[in-house]
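Visitor: Listed below, chain by chain, are the residues.
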Amino acid sequence: MSGPAAGAAPSGVPELYRSFLIAPANRADMLRKFHLRGADLNIMCLEDGTPDSEKVGARTIAADAARHLQEVGCRGRVFIRSNAPGTRWIDDDLASIVAAPVAGVCVPKVATLEQVVWIERRLRHHEAEQGRPPLQLILGIESVAGVVNAVDICTRSTRACAVYFGGEDYTTDLGGRRSREGLEFLYARSLIAMAARLAGIGAIDTATLEIREPELFRADAIAARNLGYHGRVCVHPDQVPIAHEEFGPSAAEIDRSRRLLEAEQASLGSGLAVFEFEGEMTDGPLVKRACNILAVAAEQGRAMGAPPAS
Amino acid sequence: MSGPAAGAAPSGVPELYRSFLIAPANRADMLRKFHLRGADLNIMCLEDGTPDSEKVGARTIAADAARHLQEVGCRGRVFIRSNAPGTRWIDDDLASIVAAPVAGVCVPKVATLEQVVWIERRLRHHEAEQGRPPLQLILGIESVAGVVNAVDICTRSTRACAVYFGGEDYTTDLGGRRSREGLEFLYARSLIAMAARLAGIGAIDTATLEIREPELFRADAIAARNLGYHGRVCVHPDQVPIAHEEFGPSAAEIDRSRRLLEAEQASLGSGLAVFEFEGEMTDGPLVKRACNILAVAAEQGRAMGAPPAS
Amino acid sequence: MSGPAAGAAPSGVPELYRSFLIAPANRADMLRKFHLRGADLNIMCLEDGTPDSEKVGARTIAADAARHLQEVGCRGRVFIRSNAPGTRWIDDDLASIVAAPVAGVCVPKVATLEQVVWIERRLRHHEAEQGRPPLQLILGIESVAGVVNAVDICTRSTRACAVYFGGEDYTTDLGGRRSREGLEFLYARSLIAMAARLAGIGAIDTATLEIREPELFRADAIAARNLGYHGRVCVHPDQVPIAHEEFGPSAAEIDRSRRLLEAEQASLGSGLAVFEFEGEMTDGPLVKRACNILAVAAEQGRAMGAPPAS
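Protein chains in written order, with this note's numbering: chain A, 1 to 310; chain B, 1 to 310; chain C, 1 to 310.
The set of hints was computed from the structure by calculation and includes no laboratory data. Ideal Cβ positions, reconstructed from N, Cα and C, are used throughout, including at glycine. Every clue listed holds true.
Cut-off 35 Å, straight-line C-alpha distance, at most; resulting in silico cross-link-like pairs (DSBU-like, lysine-lysine):
| hint | chain 1 | residue 1 | chain 2 | residue 2 |
| --- | --- | --- | --- | --- |
| 1 | C | 288 | B | 33 |
| 2 | B | 288 | A | 55 |
| 3 | B | 55 | C | 288 |
| 4 | C | 55 | C | 33 |
| 5 | A | 288 | C | 55 |
| 6 | B | 55 | B | 33 |
| 7 | A | 288 | C | 33 |
| 8 | A | 33 | B | 288 |
| 9 | A | 55 | A | 33 |
Every beta carbon over 10 Å from chain A, so not counted as near; a handful from chain B, in silico:
| hint | residue |
| --- | --- |
| 10 | 30 |
| 11 | 52 |
| 12 | 68 |
| 13 | 262 |
Chain A on its own, in the form it takes in the complex (with noise of 0.2 Å):
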């Protein structure tokens, strides 16, 4: 290894989880182009998204893409999925993975924390042999075991990152169907992002698969920005400008936080710490939540290279 890793953020610049963008870790011409989606996090898939017969070669197509997406230059860092625990891949390719320029490595299908335990033992003892700085690592709850687990399996992880919600292997898990509103699912949905929040790390919410219809992943964007998630799985690229309009605080919301300081300070200034601000009683959370929303937004301008929202 040399250099960075492809898509690692300079020490001290904050990390982004709008898109998480999936592509097949067999795809060669589809990983060459991650630079040209502008994604936050790109995601080489050995898993599901690589057939069977392919999954050993898949692994050096991979690590190459991630070398040429390191010499190219790729804003967006780079994953590669494994597959999952207890599968007779995942030892291999958490070895191959670990060798690869990339910023961390993926394990789908965490169901216990015993599996949290293993993968990192093995992420550590691969590391060790190669000399290799630690991996950051995303784990997927996308079974119904994971989701009464999700508490310990993020809280109690020493590594993870983020976590992200495979809403489909869950509904399959669950025996249950999708519906386009998705209250069958909103039990799981919620506590994934609890527990990321108690855990202090990222939330990724489910994919839109519905690929023609912009508009849902959009209105699913917005849904899972209220629960409490930082992006969404993107399983084709134009849902990744839609992700950074939704997760990201529009200017809308940042002049709205403005004001509401402003009106804030005026309070204070007669002594009161409770105002009515464009029809709502306002205090102590809202005015937390419009400084939340000015520091995200810094912090976004920073992460992406722009200036500092003044």
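Fit chains B and C to the supplied structure of chain A, relying on the hints for placement.
Guide: Frame of chain A, contents of chains B and C only:
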């Protein structure tokens, strides 16, 4: 006891949970018509269905009706529902049910793991005394405590083949009210289906009491199947065929699943595990869901005595 | 201290939680009008309602106002809300509240069982020092950790008479956003009501900040009562009467409950415990719910000083 219990499935035939039709155990007229209703599960209710003054006599009525159903031939399994744990009736109920020619016993209002342990111990005791093989067991979760303990109740029972959600009793225990949309018990309804899945047992959704509104029952059934339920409580015979329509894969679902698997084969032939199918980016979980739909369709055909789906 | 605390219910009279009206503890003008608002619970807020620079002085303002309300007669109970556990103010807040003529103390942002234990220990300490009998205690759950720990917090508190859900602080802590429908906190809102029910304590729903939209408050109140809440936070006096309308059984509900119980008597007279009532198949849980509605109506009449519902 002579002959197999009424409605017991021949060995190797999968068991269905689409319709759980309840009638009061003191109503011989209704019980003796169960075989005409076509439900998968026929429940003779000693609990809320029977007035206190008739609970003792109803045990004999139920046993007689079970014998009648055995004689006339009843496709669906016959269960007797006992009174709740902690009542003065339950242990004698269990003894009488063990003596009756039924497939199983249903115990309502199970709130704690301790109650499950007690129920299973008493069943073993009565079965040993009477020299009868083990009855099937269906547990009812219909209180706040039951919901909070649902994962334990389902996964640590040594005998339960299914669990049902008693949404009306749950709402009464909670001190809430039912709306038509049912958002107020989405948490409970979600968690019970998840607990059943973890335990690998059947999940039976709550009832729709509005017996003059078949389309409300249907909408509730669709939502329940999305949530992972295998069937619903029916409080009127007219609800049974709707349950069978909604909990069996429809012809359209079977047809779509076949087409999806064909598309997958074509895609794999080109070395691609991910493909667009009818507007959706499709891979592992959707392929597995299509396989599951065809497997359930074949099982239901087998259980119904029809030729297997080819 | 002399005389009973402001708003303490005479022994044997049930306590109401329909309206939890908050005013800043540094606003003597607002606090001294609490008796004109008619709320069941009157909360003088030392926390977010009071600017940091006035927190110390506001303790005296609140105590003076409580004395005034005691003198003029205030039907509703008076509480002072302290600052949150872990802040530099809380212990002196508790000491000052124990010294004030109030019914109880409200502690916001309770996140763990350890905090409950600490709060109750400090209250016992201050009560012993001042020779005062135990105050009532209302706990606020308004963080992700608090929700995850809600069952423990509610069921293992030795003193809490109620819990409230602080949905705005919860949303800020989660890093989410509020929509008008509120699906994003349905998980939290459901679990807190369930935890209160398990503990046998009052459940108070979050606020509606849109103080110019009474019908939004009403819709939120209806949803909250469905979920098992007994009342709501009110951030404006105009919200109090709406809360009382929606959390008291309505005349129509009382009337329907009486008719249902008459129908049940007629049905039992014919030996039937299950009967159709106004289109719904009706038995145990609905009968019990009707009884509960009449009992609550009678209790509320008693607590309000009206003759009991006959």
